[in-house]
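J.: These are the residues of each chain, in order.
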Amino acid sequence: MRVGDLPQQIVFGLGLGAIYALVAIGYSLVYRTMGLLSFVQPQFVMLGSVFGYTGLVTLDLPLWLAAVPVGVATALVAVLIDQVGLRPIRRRGGAEIAMILATVAWGIVLVEIVRQSWAYGPSALNLRSTARPPFHLLGIEVRWDTVGSLATAGVLAAGLALFLRRTSSGRALRAVGESSRTASLMGIHVERTLALAAAISGFLGGVAGLLVGYLFSAGISTGTIGVKALAAAVIGGFGNVPGAVVGGLVLGIFDNVVAADVSATWRDAIVYGLIIVVLIVRVGGLVGRRVFSRV
Amino acid sequence: MRKRLSYLGSVAVVVAIALVGASASQARSAADTIKIGSITILTGPSATIGLETARGAQFMVDYLNARGGVLGKKLELISADDANNPQLAVQAAAQLIQQDHVVAITGPTNSVGGIAIQSLQAQASVPAVAYQSGAEQLTATGSPWVFRSNTTLNHHFDALVEYLAKKKKVKRFAYIGWNLAAGQSSLAGVQYGVAHTKGTSLVYQTALPLTTQDFSGTISQARAANPDAVLIGAPMPFAGVLAKQIRQSGWKVTIGATGDFVTTDFGQFLGAAANGLIMTDTGHAACAEKRKTGKAFVTAWQKKFHRLPGSNELVGADAVGVVAAAIKKAGSTDGAKIQAAIRKLNYNGIRFAARWDAKGNLKHTPIPAVVWAANGTKLNALTCDIQPVVRAKK
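So the protein sequences, as listed, match chains A and B. Heads up, the first sequence is in our numbering, so the first residue is 31 and it goes up one at a time. Heads up, the second sequence is in our numbering, so the first residue is 50 and it goes up one at a time.
Since the hints were made in silico from the structure, they are not lab data. Incorrect hints may appear among the rest.
[Unchecked claim] Covered by chain A, per the in silico footprint, the following chain B stretches (three or more residues, Cβ under 8 Å): (1) 285-299; (2) 344-358.
[Unchecked claim] Under 7 Å between C-beta atoms, here's a sample of chain B residues computed to sit facing chain A: (3) P94; (4) D111; (5) A115; (6) L257; (7) T260.
Backbone N, C-alpha and C define an ideal beta-carbon position, used for all residues, glycine too.
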């Protein structure tokens with residue numbers, strides 16, 4: 031490993047880390063409110079990337095303007111899946127494994143729909159051809175993409191934190207996260223609150239997907255980044271929203287440093303090995319206090 | 050009661066006659082056609098290469114049938130999807146061999162799938178003429194039932210190194226590729242080419258998973274090694290995303306790749322960033338037109354599609370052409386006889402005239418060098434035959 035190169039690789043890793051963080055927040059929010067490990071979450075990234083194609087290429091919108099409609103469109107899909115595909119299982123008292131399998135199935139269905147030629151097709155799609163030249167800070171190359179990704183993740187994470195603390199809907203989400211039965215007795219409409227959680231996770235996944243499409247490529251294979259974000263959620267402390275942000279950034283940096291300075295071939299094995307180490311040494315993740323049980 | 054039994058008896062007789070009739074019709078249909086199975090990537094992120102190949106294979110079947118078929122029978126292509134997954138390739142091969150009773154297989158596209166179906170082929174004595182499959186391992190297994198319709202990735206990259214060194218004065222190469230068999234074969238070609246091309250060196254090399262999206266760190270390290278050219282040994286979307294990020298980082302380095310991996314979607318994906326990218330390819334219409342058989346095929350293709358065929362379409366067509374020529378030479382649809390015929394075949398193909406060695410590798414294949422132009426919409430031939438050092442030495 032070249033130590034002198036380390037700050038550069040850390041800065042490169044922050045951009046991808048910000049994207050991991052957005053998706054990891056979605057995982058954590060759904061887990062906190064529904065007690066569900068949702069495997070449809072990575073495909074919201076995939077949906078956001080192809081919706082981004084419609085926004086940026088077909089409709090020729092600027093990136094900042096496309097973010098809201100792309101996020102909202104993905105959120106609508108997330109709510110639809112929750113209400114049509116998961117709510118009936120919840121109402122029948124379906125087992126946790128049934129819910130998890132349902133999210134796996136929905137993920138596959140979404141990929142197959144997007145894959146069709148009348149939708150977006152199987153090929154990778156490009157959302158832009160040019161990029162603003164990077165600038166240098168203390169001798170380190172900083173890309174505007176990295177700045178934009180960090181700013182987007184920062185604004186959305188801060189906005190979500192404010193929403194959860196300062197609004198009645200946010201407090202309802204937290205209450206349902208503590209105990210849905212108690213929340214229901216307090217007059218909170220639990221199903222509506224769960225739909226809100228699905229919408230927020232879909233929105234965050236969609237915006238993350240837009241960034242993935244903009245920075246890298248859009249299409250059916252972009253869900254792999256969403257799968258890796260699950261590791262970020264675990265590292266941060268599953269179910270812990272601030273932890274998801276920390277986990278995302280740590281994963282992004284670690285991922286990039288390992289690929290560049292240790293072994294590109296062993297990258298995934300080492301990164302997922304980190305999850306095992308974190309779970310063994312600090313079972314609640316880097317930030318979380320408890321894990322795999324709703325707080 | 051007796052009347053009812055009589056009625057049921059009549060129904061049974063009618064059903065029996067219908068079944069026998071249908072069976073006879075099926076048998077007649079089977080006897081009238083020669084079935085060839087095609088296994089390629091019809092779904093998934095790499096589907097473009099498979100869809101193009103399948104289109105070429107089907108057109109070749111129609112083209113040959115319009116000229117009387119083979120042994121007085123029509124050819125029938127039964128197409129199966131392996132989604133670039135070796136397990137699905139085995140399922141597809143099992144269905145084609147056991148249920149459809151194909152006499153030969155064209156494909157799969159990926160060497161890993163090609164290796165996976167070899168035991169099934171051996172059990173049923175069904176030869177396969179692979180599509181793009183460029184990894185050395187495909188024929189290194191020693192299966193007598195496998196034949197290539199393309200040169201290996203090793204040779205492609207070997208030839209590309211030599212071409213870029215001579216024509217573009219490239220001395221320092223970097224290689225960024227896929228971490229599976231095909232990527233290893235490509236890297237081996239680059240290493241061989243550099244070792245045997247005077248004044249060249251490989252200053253950076255790395256192998257990454259196909260799912261890699263963020264190449265920032267890799268590009269930064271490759272750039273630090275100061276190469277004159279970066280060679281990409283991977284399919285889409287890896288190849289496209291990497292080339293795009295190289296250009297977006299402001300690095301104007303020469304980029305090389307091979308059409309064995311990337312196809313029309315590479316150019317579409319990159320748009321203007323594709324301009325000037327140099328590749329070797331598995332075929333080119335302009336080169337095919339220089340051959341009599343190739344010109345006739347390209348003319349027929351243009352009549353139907355109103356455009357020139359792409360390299361993968363030519364690959365699909367030639368794979369079917371090899372099987373058809375072997376059936377004709379064998380005078381039989383027996384798998385073992387077709388296999389023996391390919392070994393003795395002087396194939397007068399669309400892209401090239403070909404013969405095979407004992408391992409099923411092509412003895413000589415011209416490799417076109419091509420360049421992307423017109424914002425990724427055109428792939429122009431630079432030359433129709435560059436030969437790798439590894440071959441020239443033999």
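J.: Hint by hint, note whether the structure agrees.
T.: Hint check results:
Coverage of the segment 285-299 of chain B by chain A holds. Counting CB-CB distances below 8 Å, 9 residues qualify, and the rule asks for three or more. A stretch counts as covered by a chain when three or more of its residues have a beta carbon under 8 Å from one of that chain; for the segment 344-358 of chain B and chain A the count is 0, and the coverage is violated. The beta carbon of P94 (chain B) comes within 4 Å of a beta carbon in chain A, closer than 7 Å, and the hint placing it at the interface holds. Nearest Cβ of chain A to the Cβ of D111 (chain B): about 22 Å, over the 7 Å cut. The hint is violated.
Taking 7 Å as the C-beta cut-off, the interface hint given for A115 (chain B) is violated, the closest approach to chain A being about 28 Å. Because the smallest distance between the Cβ of L257 (chain B) and any Cβ of chain A comes to about 5 Å, under 7 Å, the interface hint for this residue holds. For T260 (chain B), the interface hint holds, the least distance from its beta-carbon to any beta-carbon of chain A being 4 Å, beneath 7 Å.
The earlier numbered hints that this structure contradicts are 2, 4, 5.
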